[in-house]
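Read top to bottom, the protein sequences are chains F and R.
Residue numbering for the first sequence follows the numbering used here, starting at 229 and increasing by one per position.
Residue numbering for the second sequence follows the numbering used here, starting at 1023 and increasing by one per position.
You may find that some hints are simply not true.
[Unchecked claim] In silico lysine to any residue, SDA-like type, Cα no more than 25 Å apart, as pairs:
| # | chain 1 | residue 1 | chain 2 | residue 2 |
| --- | --- | --- | --- | --- |
| 1 | R | Lys1179 | R | Leu1071 |
| 2 | F | Lys392 | F | Cys246 |
| 3 | F | Lys319 | F | Gly341 |
| 4 | F | Lys254 | R | Ser1043 |
| 5 | F | Lys319 | R | Trp1119 |
| 6 | R | Lys1107 | F | Gly303 |
| 7 | F | Lys254 | R | Arg1033 |
| 8 | F | Lys392 | R | Asp1265 |
| 9 | F | Lys385 | F | Thr230 |
| 10 | F | Lys392 | R | Ala1200 |
| 11 | F | Lys254 | R | Val1029 |
| 12 | F | Lys247 | R | Val1030 |
| 13 | F | Lys319 | R | Asn1035 |
[Claimed, not checked] Part of the chain F face toward chain R, derived, beta carbon under 8 Å:
| # | residue |
| --- | --- |
| 14 | Gly262 |
| 15 | Leu268 |
| 16 | Ala299 |
| 17 | Cys300 |
| 18 | Ala325 |
| 19 | Ile327 |
| 20 | Ala328 |
| 21 | Pro331 |
| 22 | Asp333 |
| 23 | Val337 |
| 24 | Thr398 |
[As the list claims (entries may be wrong)] Okay, the calculated bits of chain F under chain R, using three or more residues with CB under 8 Å as the criterion:
| # | region |
| --- | --- |
| 25 | 269-280 |
| 26 | 301-307 |
| 27 | 311-322 |
No lab work stands behind these hints: they were computed from the structure.
Glycine included, every Cβ here is placed at the ideal spot set by N, Cα and C.
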Amino acid sequence: MTGPRWAMTVDTRLCVACKACVLACKAENAVPDGFCRDWLVEETRGEFPELHAQNRSERCNHCSEPPCVDACPTGASHVAGGGAVLVTHDKCTGCKACIAACPYDARYVHPGGWVDKCTFCLHRAQRGDQPACVSVCPTYCLDFGDLGDPDSVVSHKLRERRFKVLHPETGCGPNVYFLE
Amino acid sequence: MTGNLEVVTTRHNAAIDPVLSAWGWEIPVYLFLGGLVAGLLILGAGYELLHPDRPRSRALRAMPFAALGLLSLGMLALFLDLAHKLHVYRFYLAFRWTSPMSWGSWILLLVYPVAFLHGVGSLTAGQRETLLARRALAPLLRPLLRWADRARRAVLKTSVVAGLGLGLYTGLLLGTLAARPQWNTAVLGPLFLASGLSTGAAFLLLFRLDEREHDFVVRWDVGAILVELLLLGAMLLGFAAGDRSAQHALYHLMGGPWTSAFWSLVVFAGLLVPLAMELIGRRRRLPLAALAPALILAGGFALRWVLLVAGQASSFREFP
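I would like the entire structure built from these sequences, with the hints used as guidance.
Dropping the structure here:
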């Protein structure tokens, strides 16, 4: 495949769940009140005193085998350049099949009548900028780049660090990686 | 269930958190009416294909037109559910083979002409004369009637195929959404088809039928209910044998929040009681009370309602 293969890494050791990514996304993409395209998860496992905590900045995983795209009856949900999963507002009927199909619950109905979600800030990536969430992260825990380029930051991090993806058992091939 | 795990999320997307409620009352209503229409088409056409003469009762003859009305009601519910209603035409500018909803929207278009031809061919000689007497209708109706009569068996077979497609698709619509563990079972397609057959039969039994027609419909209804019970058993066994998410789906119906609705409305009042009533009614040659069909119809709606609501409350996010 030619062209980029966009992916994101989230360093769970650096994330402090400050929510700057959420606010940056809301401002950049005019996300309406009461909704969000990215969010924070604070997870604590184990029993005291053996506790293990993890902070994760989560969003659409821009899956390689996106079930939301398969479920869409009109072709509004589609895989755009670099593997980003997008919704064409004009084609969306708001039938919500994609919402039910997403194992990450990453989509919501925009008050305008279409289904909305993270776009990997493709409009910024196309002009060489980082996604809004990545650009404001104060701990530099977020990285975005081309998995097809062995010299990209995300390729480097995935070579050097242990990582996991969310719910690999769904078989969707998520492209947001959580460094541990 | 996971005492050693605590998850806090800042997410607050309405209609998704804490449980997904993307689909409201419109979808179970549509799934119910779609299944009912599928059952009507299969039974109506099946009766005529298996018996040499055309249906005698007025109810069975008018059935295709009732199916059209009920399907239109279901499509109205579907339309009301759309967040962007003006974009409804988009369904018919694309065919996406991976999307059951896309298959469904095209199957619905096939059902209309087939059911109409099925109904036109079932008109009695008297009804035809009355209609042909209207000068405005005659030029259109005469060739239509001729064609519907000549291609009668082909129309009936297409009616059965359209019914099978419609009934299966209403289940597959949910069954292919693997992101909801409650729907992640291959049983839903045949289960909704069997339930559609049974609710279609129940709807017909609300009206006066010829004795042979009545026997035929009751026999099929009993068969459909037995198949439905077997499939429900298979579904529960499948969940019991599955992973954590499947176990949770099982818990929803066995001890969890939808247990009483599922067992009392769907299994007991919607299947077992009317099944017993129909079996006793057949053996003792008692006239069938309207209660059994009414219970089956209510149970058929309850099945879709419970599975839809429980499905939307089941998510992989519960198992981080």
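Here is what the structure says about each hint:
no.: 1; hint: Lys1179/R x Leu1071/R; result: holds, 8 Å
no.: 2; hint: Lys392/F x Cys246/F; result: holds, 22 Å
no.: 3; hint: Lys319/F x Gly341/F; result: holds, 11 Å
no.: 4; hint: Lys254/F x Ser1043/R; result: holds, 23 Å
no.: 5; hint: Lys319/F x Trp1119/R; result: holds, 17 Å
no.: 6; hint: Lys1107/R x Gly303/F; result: holds, 16 Å
no.: 7; hint: Lys254/F x Arg1033/R; result: holds, 13 Å
no.: 8; hint: Lys392/F x Asp1265/R; result: holds, 20 Å
no.: 9; hint: Lys385/F x Thr230/F; result: holds, 22 Å
no.: 10; hint: Lys392/F x Ala1200/R; result: holds, 21 Å
no.: 11; hint: Lys254/F x Val1029/R; result: holds, 23 Å
no.: 12; hint: Lys247/F x Val1030/R; result: holds, 13 Å
no.: 13; hint: Lys319/F x Asn1035/R; result: holds, 22 Å
no.: 14; hint: Gly262; result: holds, 5 Å
no.: 15; hint: Leu268; result: holds, 4 Å
no.: 16; hint: Ala299; result: holds, 5 Å
no.: 17; hint: Cys300; result: holds, 6 Å
no.: 18; hint: Ala325; result: holds, 5 Å
no.: 19; hint: Ile327; result: holds, 4 Å
no.: 20; hint: Ala328; result: holds, 5 Å
no.: 21; hint: Pro331; result: holds, 4 Å
no.: 22; hint: Asp333; result: holds, 5 Å
no.: 23; hint: Val337; result: holds, 5 Å
no.: 24; hint: Thr398; result: holds, 6 Å
no.: 25; hint: 269-280; result: holds (count 7)
no.: 26; hint: 301-307; result: holds (count 4)
no.: 27; hint: 311-322; result: holds (count 5)
Violated hints are absent here; each numbered hint is respected by the structure.
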